[in-house]
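Engineer: Here is what each chain is made of, one letter per residue.
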Amino acid sequence: MNNKKNKNELLKIYIVASFLLGAAFIISISIGRYPLSIEEILDIIFRKEIGTMGENIFFTLRLPRTIMVLIAGLGLSMAGSVYQTIFKNPLATPDLIGVSSGANLGAAIAISFFAGSRFSIAIFAFLGGIAAVFIALALTRISKDRGITTFVLAGIVIGSIAQGMIMLIKFFADPERQLATIEFWSMGSFADITRDKVITTLPFFIIGIIVLILFRWKINILSLSDEEGKSLGIKVDTVRIWVVIAATLVVASIVSVSGLITFIGLIAPHIARMLVKRNNFNTIILSGLVGAIILLVADTLARSLAGSEIPISILTTFIGAPFLAYLMGHLRQGD
Amino acid sequence: MLKIENIIAGYNSKPIIRDISFSTKPRELTGLLGLNGAGKTTLLKVISGLLKPMEGNCYIKDIDIYKLKEKKRARYISYLPQRSSIIYNTKVIDVVLMGITPYLGAFDSPTSHHREMAYETLKNVSMEDYAEENFLHLSEGQKQLIIIARNLIQNSKIMLFDEPDSTLDYPNKHMVLGVIKNIVGLDNKSGIITLHDPNLALSYCDNIIILNNGKIFNQLKVREINKDIILKNFGHIYGNINVVQYDGKYFIVR
Chain A
1396 MNNKKNKNEL LKIYIVASFL LGAAFIISIS IGRYPLSIEE ILDIIFRKEI
1446 GTMGENIFFT LRLPRTIMVL IAGLGLSMAG SVYQTIFKNP LATPDLIGVS
1496 SGANLGAAIA ISFFAGSRFS IAIFAFLGGI AAVFIALALT RISKDRGITT
1546 FVLAGIVIGS IAQGMIMLIK FFADPERQLA TIEFWSMGSF ADITRDKVIT
1596 TLPFFIIGII VLILFRWKIN ILSLSDEEGK SLGIKVDTVR IWVVIAATLV
1646 VASIVSVSGL ITFIGLIAPH IARMLVKRNN FNTIILSGLV GAIILLVADT
1696 LARSLAGSEI PISILTTFIG APFLAYLMGH LRQGD
Chain B
17 MLKIENIIAG YNSKPIIRDI SFSTKPRELT GLLGLNGAGK TTLLKVISGL
67 LKPMEGNCYI KDIDIYKLKE KKRARYISYL PQRSSIIYNT KVIDVVLMGI
117 TPYLGAFDSP TSHHREMAYE TLKNVSMEDY AEENFLHLSE GQKQLIIIAR
167 NLIQNSKIML FDEPDSTLDY PNKHMVLGVI KNIVGLDNKS GIITLHDPNL
217 ALSYCDNIII LNNGKIFNQL KVREINKDII LKNFGHIYGN INVVQYDGKY
267 FIVR
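If you read the sequences in order, they're chains A and B.
The working numbering puts the first residue of the first sequence at 1396, with every later residue one more than the last.
The working numbering puts the first residue of the second sequence at 17, with every later residue one more than the last.
Simulated from the structure, these hints should not be mistaken for laboratory data.
It is possible that part of the hints are untrue.
[What the hints assert, rightly or not] Listed next, the in silico DSS-like pairs over lysine-lysine satisfying Cα-Cα at most 30 Å (straight line):
#: 1; chain 1: B; residue 1: 88; chain 2: A; residue 2: 1539
#: 2; chain 1: B; residue 1: 139; chain 2: A; residue 2: 1402
#: 3; chain 1: B; residue 1: 41; chain 2: B; residue 2: 107
#: 4; chain 1: B; residue 1: 231; chain 2: B; residue 2: 139
#: 5; chain 1: A; residue 1: 1630; chain 2: B; residue 2: 248
This one's a predicted model, so the numbers in the text were calculated from it and none came from an experiment.
Please model the complete structure; the sequences and the hints are all you need to start from.
Structural biologist: So, in structure tokens, the structure goes:
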């Protein structure tokens, strides 16, 4: 009986979250410098208006951008939740193992040495993020102890080296154009999202998420100590590496087109965990829904608050932090 | 049931335990006693398969446990840590369900049938009323009972317990050890437990193995024990002790 009541409550939370996500998506898709009413959008989708300005904006800019924000919110928050679970650390973020720093370095290299076309920035950022994690994993492998601490240390080493190189690049960068571009990249934005970018991001994102879903139960077990995990029959070292690679693929594919988006991967998992008071793969999915809602709201504000676009990380921080503070005041973690 | 032969094991090629041989029988609880550094935990890790020995063998009914993959081995051996490492809010029933992991396919998760099993298993430790509670809100003693239930659903013949009483208060120590003794008697299990308190070992164990400086000092059958045996064996590691008899049992005092 108790079980049923709990299940209903859980279902209610998921339904409310999905509803909010749908609402945020519709609001986000209609607001912008060229506002589209819901009727107009329906007309465009059902091909009543062909070749209009509205149709053009909707399909080439507005829809890809909103879908990308949705993907980014889902992916970064689910990855954050996975990292927090498998590293047994509620403060773990997708940057723990060096992916964000690596992507940032890749973008900085593309901007400074390869003229910084949007395409080259995305490619270099993606490769940089993946490379950082693989070097960190290699460092872990040559170490005798392949426990969590080694992982975290390797991530710190790689992240620090990447940060140092970024500083070096910034120091020699042309302050007018390159330095500004590097700085703006590290604050994130969805302003340049096109249909092509979404289409190139999707396969990596989907593969990463599928692997995480396949490992859904084992991710749960990885939240225990390695000894407990092994005694439950899990090859913890191997599973952890696969899960890290999958989560990295998700994060790298997103930040390579959006730039760094801070805070969302930290805060959404906490909000989800406070809402359902448990931690398993369902909570990881709820983290994704919560993160997508926050990011959709943040991106809508980013393009409508001021005359020019505001970097997304400024908004994720200002929306996310007070919300977390509010939840801290009303629900204690253990309740 | 469990047969251990000439084990030498340690870390970084420095042996901590040497020449360890013993065997256990079904329905019996074997206590490993010794001072800190005597090698109790190392030996338990070797038996659980977490630490590969440099030399020696470990068989369960003629199966070499070091030739088994993690998943298969977990079906033969379960392990109760001093305290569980769960740090996130988790329902009691979900903690018990983790014990079904060795029986799941690589990408499977537990079914509603497994959930039913977990609920039934909670009855064995009389914790079924707590199934939907948050594990982190339970007392340390209750937490150990839940992990014991998780070990039970793992359905392994060999059950290892690493100082399960170390974080418990006095009544909970006796409650948890009582449950462990009952569980081991159930269904042909064979249990091995490391303990610090010799009186707990004398009250709850069937056999006692005394470790000293990484070697087995002596193996005792509690049923055949008497005052002289206790004085001679326990005196060797615990120093100047005395033995009193109460209610047909022996107790060590100092």
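Engineer: For residue 139 of chain B and residue 1402 of chain A, compute the direct alpha-carbon distance and say whether it is at most 30 Å.
Structural biologist: holds (22 Å)
Engineer: Holds or violated: residue 1630 of chain A and residue 248 of chain B, Cα atoms, limit 30 Å.
Structural biologist: violated (44 Å)
Engineer: For a C-alpha distance cap of 30 Å, please report whether residue 88 of chain B and residue 1539 of chain A respect it.
Structural biologist: The hint holds at about 25 Å.
Engineer: Residue 41 of chain B and residue 107 of chain B were given as a pair; does the straight-line alpha-carbon distance stay at or below 30 Å?
Structural biologist: Since the Cα atoms of residue 41 of chain B and residue 107 of chain B sit roughly 35 Å apart, the hinted pair is violated (cutoff 30 Å).
Engineer: For the pair we were handed, residue 231 of chain B and residue 139 of chain B, check the Cα-Cα distance against 30 Å.
Structural biologist: The given pair, whose Cα atoms are some 39 Å apart, is violated under the 30 Å limit.
Taken one by one, the earlier hints fail for this structure at numbers 3, 4 and 5, listed in ascending order.
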